[in-house]
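With chain F fixed as given, assemble chains A, D and V onto it according to the hints.
Number of protein chains: 4
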Amino acid sequence: MESKSRRTFFQAATTAAFAAAIAPRSSAAEPAPAGAVAGGAFGAQLTPVPLPFDSRKLNGLSEKLLQSHWENNYGGAVKALNALRGRLSQALSDANTPPYVYNGLKREQLMRTGSVVLHDLYFANLGGSGGAGADLRTKIATSFGTFDAWEAEFRKIGLGLGGGSGWVVLGFNRKLRLLENYWMADHATAPVDVAPLLVMDMYEHAFAMDYGAAAAKYIDAFFTNIQWDTVAQRLEQGVVPVRG
Amino acid sequence: MESKSRRTFFQAATTAAFAAAIAPRSSAAEPAPAGAVAGGAFGAQLTPVPLPFDSRKLNGLSEKLLQSHWENNYGGAVKALNALRGRLSQALSDANTPPYVYNGLKREQLMRTGSVVLHDLYFANLGGSGGAGADLRTKIATSFGTFDAWEAEFRKIGLGLGGGSGWVVLGFNRKLRLLENYWMADHATAPVDVAPLLVMDMYEHAFAMDYGAAAAKYIDAFFTNIQWDTVAQRLEQGVVPVRG
Amino acid sequence: MESKSRRTFFQAATTAAFAAAIAPRSSAAEPAPAGAVAGGAFGAQLTPVPLPFDSRKLNGLSEKLLQSHWENNYGGAVKALNALRGRLSQALSDANTPPYVYNGLKREQLMRTGSVVLHDLYFANLGGSGGAGADLRTKIATSFGTFDAWEAEFRKIGLGLGGGSGWVVLGFNRKLRLLENYWMADHATAPVDVAPLLVMDMYEHAFAMDYGAAAAKYIDAFFTNIQWDTVAQRLEQGVVPVRG
Amino acid sequence: MESKSRRTFFQAATTAAFAAAIAPRSSAAEPAPAGAVAGGAFGAQLTPVPLPFDSRKLNGLSEKLLQSHWENNYGGAVKALNALRGRLSQALSDANTPPYVYNGLKREQLMRTGSVVLHDLYFANLGGSGGAGADLRTKIATSFGTFDAWEAEFRKIGLGLGGGSGWVVLGFNRKLRLLENYWMADHATAPVDVAPLLVMDMYEHAFAMDYGAAAAKYIDAFFTNIQWDTVAQRLEQGVVPVRG
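Heads up: the sequence lines are chains F, A, D and V, in that order.
So in this note's numbering, spot 38 of the first sequence is number 38, and the numbers just go up one at a time.
So in this note's numbering, spot 120 of the second sequence is number 120, and the numbers just go up one at a time.
So in this note's numbering, spot 114 of the third sequence is number 114, and the numbers just go up one at a time.
So in this note's numbering, spot 235 of the fourth sequence is number 235, and the numbers just go up one at a time.
If we strip away everything but chain F, and leave its shape as in the complex, we get (with noise of 0.2 Å):
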């Protein structure tokens, strides 16, 4: 992918056993994240992966809406993350930083950190039919009760977070070997040491523009929208045994 070849991940690694380590696989088959090119924790500048699908050919979630998502929220997020990495630079080297000061812009940076990941994520598992495989609905079914079950938790999250913001996160923790759905009342808000699955974006703007105040549509449109080969890719990566 063309995309990616430009990307290069952790140049100035100096071992090779890191390097490969981190090296991209061929084999994913969804778009690359944001990639880190060399830089680093204080300097690595992103770009925008573009939308994996047609933005005029989703069902119920208008182009308008899904060009003004990626550009304005999830680029947004992107220039400010590139823009504060220069910034906490500045501020470590200068030693009269007081450790607050330093902690109000660490906080924007996790704000904008979750902001591209997320967005990344989720744009990422839209653009399919709505239909999950028996298989990862079976695996679903096991850890929820019924995959109803599943989707009836996952979508009241999700209406009570309407009107505000946040998101909606079916993950596997890694930790507790569990799958859950979990809710996030921003972009930093988050469980610890879980594989995301499917995300979905709670935040107006992945609304307002198509539905005003009602989430509910919009959470209905979602469904319809769900790339869930995607998810399932996820799922059988995200259990490979890490321990942490």
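Check each hint, because a few of them may be wrong.
Unchecked claim - 35 Å max Cα-Cα, derived DSBU-like pairs, lysine-lysine:
no., chain 1, residue 1, chain 2, residue 2
1, A, K64, V, K57
2, F, K57, F, K217
3, F, K79, D, K64
4, A, K217, V, K57
5, F, K217, D, K217
6, F, K57, D, K217
7, D, K64, F, K64
8, V, K79, F, K79
9, V, K79, V, K64
10, V, K64, A, K217
11, D, K79, A, K79
12, A, K57, A, K217
13, A, K79, V, K217
14, A, K64, V, K79
15, V, K64, A, K57
16, D, K64, F, K57
It is worth saying that the hints were derived from the structure and are not from the lab.
Okay, now just chains A, D and V, sitting in the frame of chain F:
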């Protein structure tokens, strides 16, 4: 390890591939996490993982402090999380539960889940001699410019959290392919899809008994007790190129 | 005002002094708040206060947006808050309710209380012509150096919240005796013991229907509609030297 | 009071009415707040208010704990808040400061402002004998059904915060005209336009030195030291029908 053989993860998994993927790794060197027994998202019951070190032998962190931390804060979170699953199941099956009431429970679940997972990680990266291996130092230096720059930022974030609550985490961001330090204001503030490598508790219960309000002295003590082998092992496993 | 005479505050108050103190002021010029009827902390039921302006006549904020904002976001918060009181009462009287479960409800109550109060204040400081009186400009300039410095900060905070959620509040800090602008990340992030004077909603439901992601244009529109007389009146009342 | 005469509020106020309104009340019975000296929103410098009681004489709260709490946590917040004003002024005057960087500072300012104000209130409602007067008990009972119901809720909220951070506040909601207890997760989580009457610190620095993780014992101790006269006085002043 005995405590591990007693545990079964996802016992009800109906597909062999899924069951195999989530089986505990026999080669894992660090103490097992608070493992989920059968029961899934609404029924899993955890048991606390014993301290992976002799609490009488850490440098500058007293047995009394460590035991109270393990029993009251970590143990209390395990108990609360276990109890919350039943409440969630009940609330979901009651059609009269408004979404915002349900999310009140989900927020508490997220907080306790974070507390359990982070405390597990924290205790497991204590008990060492405090010296990072050359390979790990190189990798950290690769991302942060120098190893000292990494340590300076990690400590500064910690100092800024002193007197309040929160965590400092060195993690590998699986999506951005970056080693980064994260500021986390509480158990539920976290980056998404990050493999946690080194975790420092900055809640006051981690040090007030021994150091009062002197957070800087606690951070010094923490550094002399870091189990770097665990950190190196987590990095090795965490950079497995799982694509989210 | 009719909507006010219908309401009774603290009807059950048993001491005359208390009852007198909390009686509604007949001279109040701005629309009444969502007033509490008898019932107290666990039983009070609020009714939404009508929009204090003709929603067809604001500059750059459409009737559709304003009606949806009032009905769905403000109205929804009133309903949720009313329902939460019964849940709280029930949960408190059940000895088996763990404190962390109770606090899940209290958090939701705080969020909805903030939403109700802030929306009341927001609508009541709209509908004007946008020009601050000389006396008020002087007072603001006294605290911020110049009136323009105040406006620059107020707008900058708003821009930083665009694309997410939150409020900007010019308030009089009763404890510190200072006029200050406050950044608030959501309905439950707020300064303590501050008299709110000018309140700007930065949740996306306040502007996305009319302006999409263009938060800056919304802020411009907001400024042209400020009801400065209300702000001046709030300041006059808010600086009553109540000591906390 | 000497500490008060040294202070001047809003010295630069240019209108007599404004100046008079914010003048300190000579009849105030409780210790003065951390008063703002001239300087306004970007320049005000606070000085810590001395403890309003003999720290050797409280029941079950040690001198060592109270002195550390006052000096390190409260005193540290005053220093940080003073330093932040200069940073804010500088950042605002620099046209290159992005809004999200500015808001990183504003968030820290809100946290420290909350810490200063809440600690002031907390210390000022300690030092008493723990018995509420009949009139106050009646007013509280009027709102909560019974005085015991109020106390049960206040304590339950506190227990739920134990082991983390936060505050419990009995306050008079000026907008809703209600006495209510509030759950607050940290210094910056608060209800809007509420007169705080009784404030209990649940950060671990408020008790860990004396009680370790035993939050319930601290709450018992807190109740035996409440200065109820201060609470009654705050209520009397707080219900002045200021309309927001």
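A quick look at each hint next to the structure:
Between A:K64 and V:K57, the direct Cα distance comes to roughly 28 Å. Compliance with the 35 Å bound is thereby established for this hinted pair. Straight-line distance between C-alpha atoms of F:K57 and F:K217 comes to about 18 Å, which keeps the hinted pair within the 35 Å bound. A threshold of 35 Å between alpha carbons decides the hint, and for F:K79 with D:K64 the separation of about 33 Å falls inside it, so the pair holds. The hinted pair formed by A:K217 and V:K57 meets the criterion: a straight-line CA distance of about 30 Å does not exceed 35 Å.
For the proposed pair F:K217 and D:K217, the alpha carbon gap of about 27 Å is at most 35 Å, so the pair holds. With a C-alpha separation of about 30 Å, the suggested pair F:K57 and D:K217 falls inside the 35 Å cut-off, and the hint holds. With a C-alpha separation of about 19 Å, the suggested pair D:K64 and F:K64 falls inside the 35 Å cut-off, and the hint holds. As the CA atoms of V:K79 and F:K79 are separated by approximately 33 Å, the hinted pair is consistent with the 35 Å bound.
A C-alpha spacing of about 21 Å is found between V:K79 and V:K64, which places the hinted pair at or below 35 Å, so the restraint holds. Note on V:K64 and A:K217: the hinted pairing holds, with a Cα-Cα distance of about 18 Å set against a maximum of 35 Å. As the CA atoms of D:K79 and A:K79 are separated by approximately 33 Å, the hinted pair is consistent with the 35 Å bound. In summary, the hint linking A:K57 to A:K217 is supported, as the alpha carbons are separated by about 18 Å, within the 35 Å threshold.
Proposed proximity of A:K79 and V:K217 is supported: the alpha carbons are some 20 Å apart, at most 35 Å. Between the alpha carbons of A:K64 and V:K79 the distance comes to roughly 33 Å, so the proposed pair stays at or under 35 Å and holds. In summary, the hint linking V:K64 to A:K57 is supported, as the alpha carbons are separated by about 28 Å, within the 35 Å threshold. At roughly 28 Å between alpha-carbon atoms, D:K64 and F:K57 fall within 35 Å of each other, so this suggested pair holds.
Checked against the numbered hints given earlier, this structure breaks none of them.
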